[in-house]
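Engineer: Residues per chain are reported as follows:
There are 2 protein chains.
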Amino acid sequence: MDAIEKHILEEVADLHAVPEGAYNIRYNGQSDGRKTTANIDIVTKTEEGKSGIDIIIKPGTKNESVHIPVVLSQSGLKETVYNDFYIGDDADVTIVAGCGIHNCGTDTSQHDGIHTFYVGKNARIKYVEKHYGEGDGSGERILNPVTVINIDEGGYMEMDTVQIKGVTSTKRVTTAVLKAGAALEISEKIMTHGNQYAETDFTVDMNGEDCSANVVSRSVAKGKSKQLFVSRINGNCKCAGHTECDAIIMDQACVTAEPQLTANDIDASLIHEAAIGKIAGEQLIKLMTLGLTEEEAEEQIVNGFLK
Amino acid sequence: MDAIEKHILEEVADLHAVPEGAYNIRYNGQSDGRKTTANIDIVTKTEEGKSGIDIIIKPGTKNESVHIPVVLSQSGLKETVYNDFYIGDDADVTIVAGCGIHNCGTDTSQHDGIHTFYVGKNARIKYVEKHYGEGDGSGERILNPVTVINIDEGGYMEMDTVQIKGVTSTKRVTTAVLKAGAALEISEKIMTHGNQYAETDFTVDMNGEDCSANVVSRSVAKGKSKQLFVSRINGNCKCAGHTECDAIIMDQACVTAEPQLTANDIDASLIHEAAIGKIAGEQLIKLMTLGLTEEEAEEQIVNGFLK
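If you read the sequences in order, they're chains A and B. According to the numbering used here, the first sequence is numbered sequentially starting from 1. According to the numbering used here, the second sequence is numbered sequentially starting from 1.
Hints in this document: simulated from the structure, not taken from any laboratory. Do not take every clue at face value.
No copy is singled out in the list; a pair is fine if it fits within one copy or between any two copies.
For lysine-lysine, the following DSBU-like pairs were computed, each having C-alpha atoms within a straight-line distance of at most 35 Å [claimed, not checked]:
no. : residue 1 : residue 2
1   : LYS224    : LYS35
2   : LYS62     : LYS226
3   : LYS278    : LYS121
4   : LYS286    : LYS62
5   : LYS35     : LYS286
6   : LYS189    : LYS62
7   : LYS238    : LYS189
8   : LYS130    : LYS165
9   : LYS286    : LYS58
10  : LYS224    : LYS121
11  : LYS165    : LYS6
12  : LYS222    : LYS45
13  : LYS224    : LYS58
Note that the structure is a prediction, hence the values are computed from the model and not measured.
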């Protein structure tokens, strides 16, 4: 690992060294290290034209983790990767994915990861995904993650997805289908600056009795960046759905929030909230009377909001 | 006026007799009475192929009202009517529109009213619109009101729109453009039953400093009826926008709420809330312990919700 790779691994996966547990590190389109455990297998896909891995977690696996970070430091590299996660019944695991692009060149670097989850009966999974870009080249850094979630009866998935910095353009599509008693918690944090564009699109189909979904997005748009947040929740049975989008706009940024709730069943209970606005003047003044400059005060408020 | 006309006038305009102030009654596609006042003129449109009236209210007119009810009792009558409202600067008036369809036949009766408002500087207007259908024929009762609102600087418009009963299908489109200091308050109440379909679509462009918009919809969907609520609020300047959609679903009804907030300016402050669900069990039980049947309890809750 060179210094850039190490730095990016730290940013996207909080990794300072080779991780504990199972892992697969992808570096400029190649596998750069893999470890499996007795309970977690990682298998390279063999279908032609389909790059990616299968992560197979045995039923009942508890307190194990999988790290699958991706690093792109070669300007101009574009790749689409398919990763499928099979989480066995009753397992309880943490999966950390993430992609960092370091682009010092002039060509566009792009990583599109299509992640499909099969969460088994009564399994619990925490999925953490971080996207990050850096590099002083003029080349664009594009990340289009697609996440497809299937949760079987009684399963639970928590998805924390963060894109804090340096991604020129992103379109993030997440779809989820929930069976009886399944629960999904999604927390998204996004910050855009400069001329960046970020679009997120969630669709949750609640198909099984007593399933629940909670999709919460917090975002900050700075500079001339633009963001679009779309969130569709379809209640097709007795279920509870909640979606929330709070956005802070700064400078000349622009944010659109477009949720859609559909109740197709009398026992579906659906709620949405959204608020878009700038940082409240009183909050700034309070911090400035404590000795912070306006910029420092703004930064502190933004950091608190995205924490 | 015959008994049917009288009854429908009562339903759509709370009129028991010929109204005070200015009025224009449209009955089966024909003018059936008109009164103007010193300050309010009503003029039949003369453009070819364009049926309708211009309502011209002099600047400074205070505490006057205009009633323009429409009654259709002839099965199979379909009409599109253009009514334009010119509300002079500093006026303060109430306008009551409404359409009732009594269809005892087998053909579709349809009234599509396109109402355009030019609200003058610092003028205030309360606009009440009621839609109602009845008749034991199998013919459909269709109402597609279009409302186009332009509010000049400092103007204020309150729009109360109600569709309680008997309308087979409706698509209600409202657009509004607000100048500096203008304020718009929209309250919509809708109830659908049987196989009815209701769609409402609001678009508000907030273009002038310190303008504000508040769009609140409450609806009840019974039987196998379907409703779609769309509300777009675009904050293009320093402004405050709020939109809210609360829906009660009953039986096998289906409701979709799809708001869209866009902040194109850092000083735009936008909020949305939506909730869809059935009547809470505890509420029903409380009323039933007071001696009401389940149906009576439901009816009481629905009436309170739509009041």
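Engineer: Hint by hint, note whether the structure agrees.
Structural biologist: Going down the list of hints, with the structure as the test:
| no. | hint | result |
| --- | --- | --- |
| 1 | LYS224 with LYS35 | neither (43 Å within a copy, 55 Å between copies) |
| 2 | LYS62 with LYS226 | neither (41 Å within a copy, 46 Å between copies) |
| 3 | LYS278 with LYS121 | between (43 Å within a copy, 29 Å between copies) |
| 4 | LYS286 with LYS62 | neither (46 Å within a copy, 46 Å between copies) |
| 5 | LYS35 with LYS286 | neither (50 Å within a copy, 60 Å between copies) |
| 6 | LYS189 with LYS62 | within (28 Å within a copy, 52 Å between copies) |
| 7 | LYS238 with LYS189 | both (29 Å within a copy, 26 Å between copies) |
| 8 | LYS130 with LYS165 | within (10 Å within a copy, 52 Å between copies) |
| 9 | LYS286 with LYS58 | neither (53 Å within a copy, 50 Å between copies) |
| 10 | LYS224 with LYS121 | between (45 Å within a copy, 34 Å between copies) |
| 11 | LYS165 with LYS6 | within (17 Å within a copy, 67 Å between copies) |
| 12 | LYS222 with LYS45 | neither (40 Å within a copy, 51 Å between copies) |
| 13 | LYS224 with LYS58 | neither (47 Å within a copy, 45 Å between copies) |
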